[in-house]
Every structure is written in structure tokens, then in C-alpha cells.
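Generate coordinates for the entire structure from the input sequences, incorporating the hints supplied.
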Amino acid sequence: GEDVEQSLFLSVREGDSSVINCTYTDSSSTYLYWYKQEPGAGLQLLTYIFSNMDMKQDQRLTVLLNKKDKHLSLRIADTQTGDSAIYFCAESITGTYKYIFGTGTRLKVLA
Amino acid sequence: GAGVSQTPSNKVTEKGKYVELRCDPISGHTALYWYRQSLGQGPEFLIYFQGTGAADDSGLPNDRFFAVRPEGSVSTLKIQRTERGDSAVYLCASSLWDRDYNEQFFGPGTRLTVL
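Chains as they are written, first to last, in the numbering used here: chain V, 7 to 117; chain W, 193 to 307.
Derived from the structure by calculation, the hints contain no laboratory data.
Because the structure is a prediction, the values reported are computed rather than measured.
Partner residues are not named here, just some residues of chain V that face chain W (Cβ under 7 Å, in silico):
#: 1; residue: G48
#: 2; residue: F94
#: 3; residue: K104
#: 4; residue: T109
Just a sample of chain W residues kept apart from chain V, beta carbon distances all over 10 Å, derived:
#: 5; residue: G208
#: 6; residue: V266
#: 7; residue: S279
Quick reminder that beta carbons are idealized off the backbone N, C-alpha and C, glycines included.
Given below as C-alpha cells:
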């Protein structure tokens with residue numbers, strides 16, 4: 007079945023690293039994505055990783071994928087107040103084009 | 193260039209009424225998707241168009257929901273006999289046709305409130 011789970015809340019201090027976790031159940035996923043949603047704005051793609059990769063780094067963002075445990079994480083280095091938002095992981099399933107989204111993690115960055 | 197746009201941004205209606213929600217995708221994107229996001233949840237897939245045809249409508253909750261894309265560009269999501277449980281943010285996304293990677297670009301959504 008298709009199910010993507012995330013913890014609901016994360017609070018960090020400005021300058022610290024944030025790690026947002028996601029678990030998924032469908033082993034046939036092809037790509038995994040991280041989206042950011044700010045109040046009143048659409049979903050913004052932050053980064054993605056292909057399912058045959060273990061890690062991807064993009065400036066302050068590092069994505070780790072553990073296929074054996076079906077675990078995905080997003081690390082934000084030097085977290086800023088502007089990073090406060092809801093973060094969604096999503097998977098796309100081989101042979102389909104729909105995304106399965108997680109429940110979202112609300113990140114709050116304290117000054 | 194312009195991103196995905198959706199109108200209206202907010203829609204308040206009464207139970208039992210009919211509503212239409214519009215999506216203008218990014219020019220040149222052949223694939224278009226509708227999702228529904230309830231409060232505190234992630235977006236849930238409703239329907240996917242490739243060109244003018246609905247390639248996958250498996251997420252539509254029941255036959256009160258219908259979507260069209262007559263010319264392969266603008267799409268309209270139609271909800272008949274609205275119920276309070278239909279209240280949510282309806283998101284539209286578009287992407288280039290790409291069998292291996294289909295980054296979906298999302299619009300800001302339409303917040304539907306059924307009283």
C-alpha cells in the first residue's frame with residue numbers, strides 16, 4: 007500500500023541544523039521529493055532524489071535515502087528564520103505520475 | 193515566466209451548491225494534476241490529465257466531482273451538491289510530459305469553504 011509518514015513538528019534555534027524525517031512504504035517509488043509550503047503560498051520544490059541514490063547535497067540541503075528501511079531525511083544546515091514552513095516529502099510511483107505526500111512537518115525556527 | 197495560477201483564491205459556498213475551480217497551467221506543460229489538501233494533511237491526489245484526456249481519475253472521491261480540460265490547457269474542477277466535508281484547499285499542478293522525471297509545479301490553491 008501507499009503511505010508516507012512524517013513527524014508533525016520540529017523546533018530548532020537559528021543557526022542550528024534541522025533534520026526532517028520521512029518513512030514510506032511503497033518500494034516501487036522512483037523519485038522522492040521534498041517540498042516547502044509557506045502560509046498562503048503554493049508548494050515549492052526544494053530538492054529530489056532518485057531511488058538508486060543514497061545521498062544528494064544541494065547548498066544547505068542534504069537528502070539521505072535508506073532504501074532498506076524506506077527512510078528519507080532532509081537536513082537543513084544553518085537554519086534561518088525564513089526556513090520556518092511546513093515541509094512535505096512525496097514519492098512518485100513507478101508507472102504512475104501522481105505524488106503520494108506525507109502529512110507534513112511544521113518547522114519552527116527560533117531566533 | 194508565469195507559474196500555475198488558480199482562481200478563485202477563496203470560495204465560500206453553501207451546502208448543496210455547485211462550484212467550479214479553475215487552473216491555468218504553465219504554458220507548454222502537457223500534464224495537469226488536481227490535489228486536495230485538508231487541514232493539517234498533505235495533498236491527496238484527485239485526477240491527472242495528459243493533454244485533454246483524464247489519464248487517471250482514481251482519486252476522485254465520488255461522482256459529485258468531475259474535471260475537464262477541453263483544449264489541453266486550462267482545467268476546471270467541478271463539484272456538484274457540495275458537502276461540508278468538501279471544505280479544503282484544492283491544488284493544481286502541471287509538468288512537462290516526462291516518463292522518468294516529472295517535476296510538478298504547484299499553484300497557490302483555491303480554499304473552498306462549504307457552510
